[in-house]
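Novice: One letter stands for each residue in the lines below.
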Amino acid sequence: MKTRGNPQEDRPMSDTETREQRIFRLSRRKALKGLAAGVGALAIPGRKASALTWQDFLQKNFRELTRAEVQTIIARLEKEYSARFKKDVKVKATPPIEGVLYGYGLDLSRCIGCRRCVYGCVDENNQSRDPQIQWIRVLQLEKEKGVDLEHAEYYYNPKEVPAPGHFYMPVQCQQCRLPPCVKVCPVQATWKENDGIVVVDYNWCIGCRYCMAACPYGARHFNWKKAGLPAGEMNPETHYLGNRPRPVGVVEKCTFCIQRTREQPGKYPACVEVCPTGTRKFGNLLDPESEIRYIIENKRVFILKEDLNTQPQFYYFYAT
Amino acid sequence: MKGKKPYLACLPAVAAAVLLLVLAAPSRAAHGNGTKESPKEESSTLQFPVPPPPFSEGIFPCSECHAEMTPNPKRRKLEEEHTNIVLNHGQGRWCLDCHDLKNRDKLHLISGEKVGFDESYRLCGQCHGDKYRDWKVGVHGKRTGYWNGKKEYLLCPNCHNPHNPRFKPLAPKPPPVRPEDIR
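As given, the protein sequences belong to chains A and B, one line each in that order. Quick note: the first sequence, position 247, residue 247 per the numbering used here, numbers continuous. So the mapping is simple: the numbering used here equals the position in the second sequence, first residue as 1, plus 320.
Just chain B, with the same shape it has in the complex (with noise of 0.2 Å):
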């Protein structure tokens, strides 16, 4: 019996510690989860709820064909894939400048950090500073939703081509009837 009481007397702190990883389990795998994305990411989405990026059809993601091609940094002209692209944007600028070469589904800022397409917004305000603040507080920009509630906003690519990005012309709706047309 003198034997025994020893082991006895550990049994409660063993399952104290069973107990206790059990409990912490949970949390520590959130954690782990949370650290994955980087604070910077979960805030901008947190913030800016954008509805997807309005791909082409079938074109995304990138890396379906690219995935199986050498990457070629060499700036030329396309001429056996994306033709139909005309880069009307600002001067001197090609594909790699704003698409990164070694992840095709993503895009990349100037610090060479990567951002998904649906963080576009991050890599036009690079240069586009004064639209990007005013687009964060809705002043550029449509913004749908509840004025006292949860808005909506819609990425740049939503209303601007970005290899084109000048807003097209529209067929304006029919004027108003003329007092003198009235019956």
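Just chain A, same shape as in the assembly (with noise of 0.2 Å):
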């Protein structure tokens, strides 16, 4: 007698034969259930696992908590930090003020391409010095051309600038009210606040990178590695949507500092406070009497990518 169940036989199967074969099948799906079952359950944290780690394999997206769950992570998570860094880290989660709408100016006829607004975001928003995260880029541009984000030049390191000829458009996070990047997001892991801050919840987001991909200006980066934060130069005043130290495999990205424009009094975000020219302006664009709303009211101001239609919150213009 032949192989019972081999298709390559030439007898065509009884209806036995076949029911047989189905139990056998049904009973290696059961099989490949089980064993997946067991990695999975390898894979969770054991019960010897601290509390912490479970704690953070059940925690639920950041829009699903109740203020006491908040609370709790905020808690577990100062902890962890202050252990890490050895200082006495803050993480806050200060909600949107009420009536007000985040607006940026940056005159490009001010700008000298400098990069203190670079290294000042990077020291107050804890982001990896290696590998080198950077939430501003500074494109070098010429006069002659105009923005022509072709001929952008990004690594310029001339003596002293500004550069004869050329301008500089500091590009980052635009903060757009129709923004691409919370669109694609499959796990709602990024949102827009309702002050127009679009921020990422580091605890749900899933390192797809979909957003990277989505974004037309580059402003999100990944954290391929563990981030290289010296713990004497980490900044202990931290938001939990902003600049709290990021796990690996999630993206970041430019909040406008929410960690100090939220707060009341609120400060200006870093990149305004350090640029050396008076570049950066920050207001409320729900505010007619605030700086942004003069800007725009009164100089020629532009969005970048306009035809994109992602309605950038972040106004460039030329005040001369």
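I should point out that these hints are in silico values taken from the structure, not numbers from a laboratory. Just so it is clear, the structure is predicted and the values come from calculations on it, not from any experiment. Be aware that one or more of the hints could be misleading.
Derived DSS-like pairs (lysine-lysine); straight-line CA-CA distance at most 27 Å [claimed, not checked]:
1. Lys434/B to Lys267/A
2. Lys267/A to Lys456/B
3. Lys493/B to Lys145/A
4. Lys488/B to Lys159/A
5. Lys143/A to Lys488/B
6. Lys225/A to Lys493/B
7. Lys434/B to Lys299/A
8. Lys394/B to Lys299/A
9. Lys470/B to Lys92/A
10. Lys159/A to Lys493/B
11. Lys471/B to Lys90/A
12. Lys394/B to Lys434/B
13. Lys488/B to Lys145/A
14. Lys226/A to Lys493/B
15. Lys86/A to Lys299/A
16. Lys87/A to Lys267/A
17. Lys471/B to Lys299/A
18. Lys299/A to Lys456/B
19. Lys470/B to Lys90/A
20. Lys493/B to Lys143/A
21. Lys267/A to Lys394/B
22. Lys397/B to Lys267/A
23. Lys92/A to Lys471/B
24. Lys470/B to Lys299/A
25. Lys394/B to Lys143/A
Counterexamples of contact, computed for chain B against chain A with all Cβ distances above 12 Å [claimed, not checked]:
26. His428
27. Arg442
28. Gly445
29. Val497
Cβ pair distances, simulated, as ranges [said to hold, decoys possible]:
30. Leu308/A to Val406/B: 48 to 54 Å
31. Pro158/A to Glu472/B: 28 to 34 Å
32. Val406/B to Lys90/A: 46 to 52 Å
33. Val187/A to Glu472/B: 40 to 46 Å
34. Asp123/A to Ala491/B: 28 to 34 Å
35. Ser376/B to Pro216/A: 44 to 50 Å
36. Asp88/A to Glu472/B: 26 to 32 Å
37. Lys305/A to Glu472/B: 51 to 57 Å
38. Pro158/A to Pro369/B: 35 to 41 Å
Heads up, the beta-carbon is just placed ideally off N, CA and C, and yes, glycines get one too.
Take the two lone chains, each set in its own frame, and fit them into one complex as the hints suggest.
Specialist: Here it is in structure tokens:
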């Protein structure tokens, strides 16, 4: 008798044989399921794992958390970061201020491309030094060509800036009103807050980097490795959705210094404060007395890649 | 007794008058102080909280040296003092266009009004009206402090040397690491 269940067999299988084969198949499927469950069970933290890991594993999306849960998570993170950086780290979860929509202005007639903003941002927002992550890119453009991004130089390094015949255009997250990065996130780990800041829940991000592909401004950055952040340089004033230390495998971006600007009174973002030429302006778009409103109403203003209909809250302007 | 009555009747009135004088004294004094400052000065100080002017060390007050000197209003090249100052600000200018001849610790406007060095923006604003207008609303120049609270301004000389006002070039911070160099 030939082997049962062999598809190469000449004789067609009887009903009984087929049924038996199905039973075999079903049991194999069951076996695979069992195996997968077993592997899964191995992957999740065991009983000996610390409570921290368990809580991390079971944590919900930030927007689904109750206030009490947020407080518990913050206390856990503060403990974890304080131990890691050997200093008293504070993690805030300050909500948006009512009646505030942040707007940013950047004066292209003033910027000299000195990159003080880039490093001011790195210091304030705890970006990784090695491997290097920088949220602001300063582009060097030719005056003759105007805002022509195809001919932008990103690695310029003359002895002194501004280099003759050139102007500079810093690019960072534009906090779009219609953010493509938010639209593509498969797990809703990134969203736009009521004050207009696009934030990321680093504990919910799965690291698929769809948002990076979707962002037309190159404003999102990925943590390929563990952040090289020296304890001495770590800024202990942090926000859950902002500059707290990021784990490996998540995406991060500019948050208009959420840990500074959401306070009452709110400081200017670090890049605004550090700029030596007063190129950078910041304020509330809903306040008719704010600097940013004055700029929009009185200066020549443009938004970057307007044709993409992302509707940024970041305005480039020429004061003179 | 009858003779004393009018005198007694006066007493409360005198006491009231004395009381009124005593009460009024502080308010009069305060008012007196207020009138010392011109209202313009007061409002500008309140409106633009500026840092102290960036004087070179030991240069101010100017009257320390100038008080004993006879003022010479003649336009000339300075050869003994202030030789390090190169005036590269417009054409045909010289010291006393901005500095006051009689009071060396002050600047003067075209109108003749004297302004302190901490109010130099009014002097600069005479020619650079568009910049002054922008500076007042926080668009020209750097402003620090709080976006929804108290703001701090900088004076024009904090960024522009008044004698040579073009903003000086800076050495840029290092460029980012190229992707091919990331390990």
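Novice: Run every hint past the structure and note whether it holds.
Specialist: Status of the hints after comparison with the structure:
1. Lys434/B to Lys267/A: Given pair Lys434/B, Lys267/A is violated - Cα atoms ~35 Å apart, limit 27 Å.
2. Lys267/A to Lys456/B: 19 Å, holds
3. Lys493/B to Lys145/A: 25 Å, holds
4. Lys488/B to Lys159/A: Holds, at roughly 13 Å.
5. Lys143/A to Lys488/B: OK: Lys143/A and Lys488/B at ~19 Å, within 27 Å.
6. Lys225/A to Lys493/B: Measuring from Cα to Cα gives roughly 24 Å; hence the hint holds.
7. Lys434/B to Lys299/A: With Cα atoms ~33 Å apart, Lys434/B and Lys299/A exceed 27 Å; violated.
8. Lys394/B to Lys299/A: With a Cα-Cα distance of about 44 Å, the restraint between Lys394/B and Lys299/A is violated, given a limit of 27 Å.
9. Lys470/B to Lys92/A: OK: Lys470/B and Lys92/A at ~23 Å, within 27 Å.
10. Lys159/A to Lys493/B: Given that 27 Å is the threshold and the Cα spacing comes to 10 Å, the pair holds.
11. Lys471/B to Lys90/A: 26 Å, holds
12. Lys394/B to Lys434/B: 20 Å, holds
13. Lys488/B to Lys145/A: 25 Å, holds
14. Lys226/A to Lys493/B: 25 Å, holds
15. Lys86/A to Lys299/A: 48 Å, violated
16. Lys87/A to Lys267/A: 23 Å, holds
17. Lys471/B to Lys299/A: 22 Å, holds
18. Lys299/A to Lys456/B: Distance of about 15 Å is within 27 Å: holds.
19. Lys470/B to Lys90/A: It holds: about 25 Å lies between the C-alpha atoms, which stays within 27 Å.
20. Lys493/B to Lys143/A: Roughly 22 Å between the alpha carbons, so the hint for Lys493/B and Lys143/A holds.
21. Lys267/A to Lys394/B: Outside the cut-off at roughly 50 Å; violated.
22. Lys397/B to Lys267/A: Status violated; Cα separation ~47 Å.
23. Lys92/A to Lys471/B: 24 Å, holds
24. Lys470/B to Lys299/A: Holds. Lys470/B to Lys299/A sits at ~24 Å (cutoff 27 Å).
25. Lys394/B to Lys143/A: 45 Å, violated
26. His428: Label holds. Min Cβ-Cβ 27 Å, cutoff 12 Å.
27. Arg442: 19 Å, holds
28. Gly445: Gly445/B clear of chain A: closest Cβ-Cβ about 15 Å, beyond 12 Å.
29. Val497: 5 Å, violated
30. Leu308/A to Val406/B: 48 to 54 Å: 49 Å, holds
31. Pro158/A to Glu472/B: 28 to 34 Å: 32 Å, holds
32. Val406/B to Lys90/A: 46 to 52 Å: 50 Å, holds
33. Val187/A to Glu472/B: 40 to 46 Å: Given a distance of about 43 Å, which is inside 40 to 46 Å, the answer is holds.
34. Asp123/A to Ala491/B: 28 to 34 Å: 18 Å, violated
35. Ser376/B to Pro216/A: 44 to 50 Å: Holds - the Cβ-Cβ distance for Ser376/B and Pro216/A, about 49 Å, lies within 44 to 50 Å.
36. Asp88/A to Glu472/B: 26 to 32 Å: 28 Å, holds
37. Lys305/A to Glu472/B: 51 to 57 Å: 34 Å, violated
38. Pro158/A to Pro369/B: 35 to 41 Å: 37 Å, holds
The structure fails to meet hints 1, 7, 8, 15, 21, 22, 25, 29, 34, 37 from the earlier list, while all remaining hints are met.
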